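K.L.:
Sequence:
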Amino acid sequence: VTGADPDDLQGDAAIQYMIYDSLGLAWEKYQGPGQLADCALIVDALLGTGMKGEPRGTAAEIIAAINSSPGAVLAVDIPSGLPAEFALPAGPVVQATATATFGLAKAGLYTPAGRKAAGRVFVDPIGLPVSLLQGTDLVLNDGPHAAKGLSQRQLDSHKGNFGHGLLAAGSRGMSGAAMLAGTAALRSGIGLLTIACPDEIQPMLAAQVWEALTLPLPSSAQGEFSPEAAAQVPLGKFNAAAIGPGCRVCPGTRALAGRLLKSDLPLAIDADALNVLAPGIPRREPPTIVSPHPGEMARLLACTVQEVLADPLGTCRRAARAWGCVVILKGSTTCISDPAGKAVLNITGTPGLATGGSGDILTGLILGLLAQNTEPFAAACAASWLLGTASELAAQETGSAAQLPRDVLAALPGAVNLLYKQSSREYFGKEKI
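Numbering (my numbering), first residue to last: 5 to 437.
Misleading hints may appear alongside valid ones.
To be verified - In silico lysine to aspartate or glutamate, EDC-like type, Cα no more than 20 Å apart, as pairs:
1) Lys120 to Asp160
2) Lys346 to Asp146
3) Lys120 to Glu289
As the list claims (entries may be wrong) - If you anchor each label on the Cβ, the simulated ranges turn out as follows:
4) Ala282 to Asp16: 47 to 53 Å
5) Ala326 to Leu92: 21 to 27 Å
6) Ala314 to Gln20: 33 to 39 Å
7) Leu29 to Lys120: 31 to 37 Å
8) Lys120 to Ala211: 42 to 48 Å
9) Phe106 to Gly177: 39 to 45 Å
Hints are computed from structural coordinates only; laboratory data are not their basis. Quantities reported herein were computed from a predicted structural model and do not represent experimental measurements. For each residue, glycine too, the CB sits at the ideal point set by N, CA and C.
Please model the entire structure based on the sequences and the hints provided.
P.N.:
Written out as C-alpha cells, the structure reads:
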C-alpha cells in the first residue's frame, strides 16, 4: 500500500519502487482504513529518518489507519512520524510493536514518545565499517559503557583505596533523604562515608545507617543547617562531597554549598542545594556533577519546564557547557552531558522511580563513585545505570506501583554485581563474580 502515485516518486523512493515493480510484486494505492483493518502484520515503511515537520494529508491518514488496526506493526528504521533526532514529534506517530533500525539506533527512538512508539527495538549494523560507527558524541548508556565507572577490587584492597566521602544532607522531617543517599553511597563500594547533618537528627541517622560515620552540625530553630554549620566541616579529611538530599532551602544550606563550591573536592549537587544556587551553577575547576529534574533545571536556567521538556538533550548540553560541569537531567530517559557536548542517554529504570527518594539514591551513588576517584562523566553514567537497573531488579518482586526507594536500595547489590560482570575491571583479583 502506497500513499503516493508511482509517477510522483523521486530519488531513492523511485529507485526502490522500480526494483519492487520489476519483481512482479503487488501494490495498491491507499484508499482508506479498510485496506489495513484485517492485516495480521503491517510493515511501516511510510516515512523515514529524513522526515521534517508534521505528517500531513495521506501520510497522516495512513498513520491513523495503522494505529487503528488490530495487527502487529513492524516499523522500518523508525516509526513513521517520529523524528530521528532527540526531539518531540510534531504530529501523529505510528505506534509499532517492534522497530528494526539500521546502522546505529536513532536518538528519537529513546525520547519518551519514541520509547512508547517504537516497541521493542532491534539494531542491525548492516555491515557498516566500524570507522563510521565511532566518534559519535551521543551514545546509549548500556552496561559495558556504564561499567567504565567502576573501580578495581583487588584481593589486597583496604578501605583507604576506595575513598572517604562527605554527604551533607537531612533536616527535621527529612532524615530519610540522608539515609537513602548515605546507604546508596555505601553500596557503591566507597571506603568510608561521613554524613554531615543537623545535630537534632544525628541520633536517628546513626541508628539507621550503621556503616556511616556522622558529623552533627549546628541546626537552626527549624531543624535545618544553621549558617554557622559550614565552618565546622573539616574538608581536608575527604576525597569527594555531595550536598542536597533533604537539606531544604535555607541560609545554612546556602552557606554550606558555598563552602563546598570553593573547595577542591569533587562535588555532587542535587535537590535543594541546586535550588539555593539558582539561577545557575558557579563554574569551578574541580569535578562537579549536578543532577536536576526538569523543574530544578527550569529554575536554574530561568525558563519554563515546558521549554526543558521540549528539548531535554539540548538543554542538558547547554547547561553543561555554561556551567563547566557534568549535568544529569533526570527523566524516564535521562540525559547526561559533559561541558564538551559528549552526551549519553540512559534508559534503565521503571516507573517505580517516579517517587520521592529516587534522586537521593542517585546522589549517593554519584558521591560513592567520585570518592573512588572515578572520572565525573563515567561516574554519572555508572550511577544512572545502577539506579535504573536496581529499580528493574526490584520490580521483579514489587512491580512498579508498589515499589519504594528502600526496595531499590535492597536491589543495588545485584545491580552492582551485574555491572561488574559486564566490565573489564577486576573484581576480587582476576575473577569477576
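K.L.:
Now tell me if each hint is right for this structure.
P.N.:
Going through the hints against the structure:
As the CA atoms of lysine 120 and aspartate 160 are separated by approximately 47 Å, the hinted pair breaks the 20 Å bound. Between lysine 346 and aspartate 146, the direct Cα distance comes to roughly 16 Å. Compliance with the 20 Å bound is thereby established for this hinted pair. Note on lysine 120 and glutamate 289: the hinted pairing is violated, with a Cα-Cα distance of about 40 Å set against a maximum of 20 Å. A hinted range of 47 to 53 Å for the beta carbons of alanine 282 and aspartate 16 is consistent with their spacing of about 49 Å.
Here the CB-CB span from alanine 326 to leucine 92 is close to 23 Å, well matched to the stated 21 to 27 Å. Between alanine 314 and glutamine 20, the C-beta spacing of about 34 Å keeps the proposed range 33 to 39 Å intact. For the pair leucine 29 and lysine 120, the supplied restraint of 31 to 37 Å holds, since their beta-carbon distance comes to about 32 Å. Hint check: lysine 120 to alanine 211, Cβ distance near 44 Å, so the stated range 42 to 48 Å holds.
For phenylalanine 106 and glycine 177, the Cβ-Cβ distance of about 53 Å falls outside the hinted range of 39 to 45 Å, so the restraint is violated.
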